[in-house]
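Throw the hints in and build the complete structure from the sequences for me.
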Amino acid sequence: MGVMVGILSSPAFTGAQPTSIPSDNAAVTAPVPPSVVQSGAGYSYDPSGRRDPFKPIGLEKQTKEGNLDLPPLQRVGLTEVSLIAIIWGGYGYSAMVQTPDGKGYTVRQGTKIGPNNGVISAITENSLVVQERFTDVYGNKQVREYVKRLHAKEGSE
Numbered sequence: 384m385g386v387m388v389g390i391l392s393s394p395a396f397t398g399a400q401p402t403s404i405p406s407d408n409a410a411v412t413a414p415v416p417p418s419v420v421q422s423g424a425g426y427s428y429d430p431s432g433r434r435d436p437f438k439p440i441g442l443e444k445q446t447k448e449g450n451l452d453l454p455p456l457q458r459v460g461l462t463e464v465s466l467i468a469i470i471w472g473g474y475g476y477s478a479m480v481q482t483p484d485g486k487g488y489t490v491r492q493g494t495k496i497g498p499n500n501g502v503i504s505a506i507t508e509n510s511l512v513v514q515e516r517f518t519d520v521y522g523n524k525q526v527r528e529y530v531k532r533l534h535a536k537e538g539s540e
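Residue numbering for the sequence shown follows the working numbering, beginning at 384 and increasing consecutively.
Keep in mind that a hint or two might mislead.
[As the list claims (entries may be wrong)] The following label-pair restraints were derived from C-beta to C-beta distances:
#	residue 1	residue 2	range
1	Gly485	Asn509	32 to 42 Å
2	Ala505	Pro430	44 to 54 Å
3	Arg434	Gly522	42 to 52 Å
4	Val530	Pro430	38 to 48 Å
5	Leu533	Ser431	27 to 37 Å
6	Val502	Arg532	13 to 23 Å
[Unchecked claim] Here are the simulated lysine-lysine pairs, DSS-like style, with alpha carbons at most 27 Å apart:
#	residue 1	residue 2
7	Lys524	Lys495
8	Lys495	Lys438
9	Lys438	Lys524
Worth flagging that the hints you see were computed from the coordinates, not collected in a lab. Note that the Cβ used here is the ideal one computed from N, Cα and C, for glycine as well.
If you want it as structure tokens, here you go:
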């Protein structure tokens, strides 16, 4: 049986042509790989003049230098401002807020506060309401409303 397998697998039975063995006199040439371009100057990306792809489109840039032109209440975020007192007078309510640096400011309805052009829309007996107008990603105008309470509940702010 082993002899039968050897005979059937020989080139005569498989239909393959026998390959010729190169003679010792013939020079064997190996295939030459294509030449690789060896240039010292590779590609380098120059981002100058292009926008940062990780920043949202359409938002204005606020630099530190431009931020110094704003009043102190517009330089700090709404979460950093604390409501200290509500004052009732002949002209209605006004409020006293404190910035993180410890300075106090008296505000009334219509006062701008926060870096996102927030405006105080209402002052009640125990709270201050700030509205921020913005444009969402779909181009729709939206209003975000923040309420600062005089006596914050346990676990909030």
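Here is how each hint holds up against the structure:
For the pair Gly485 and Asn509, the supplied restraint of 32 to 42 Å is violated, since their beta-carbon distance comes to about 23 Å. Between Ala505 and Pro430 the beta carbons are some 46 Å apart, a value that agrees with the proposed interval 44 to 54 Å. The given range of 42 to 52 Å is broken by Arg434 and Gly522, whose C-beta atoms sit roughly 19 Å from each other. Checked against the hint of 38 to 48 Å, the pair Val530 and Pro430 passes, with Cβ atoms roughly 42 Å apart.
Our hint of 27 to 37 Å for Leu533 and Ser431 is violated, since their Cβ atoms are close to 51 Å apart. A hinted range of 13 to 23 Å for the beta carbons of Val502 and Arg532 is consistent with their spacing of about 19 Å. Straight-line distance between C-alpha atoms of Lys524 and Lys495 comes to about 19 Å, which keeps the hinted pair within the 27 Å bound. At roughly 26 Å between alpha-carbon atoms, Lys495 and Lys438 fall within 27 Å of each other, so this suggested pair holds.
As the CA atoms of Lys438 and Lys524 are separated by approximately 20 Å, the hinted pair is consistent with the 27 Å bound.
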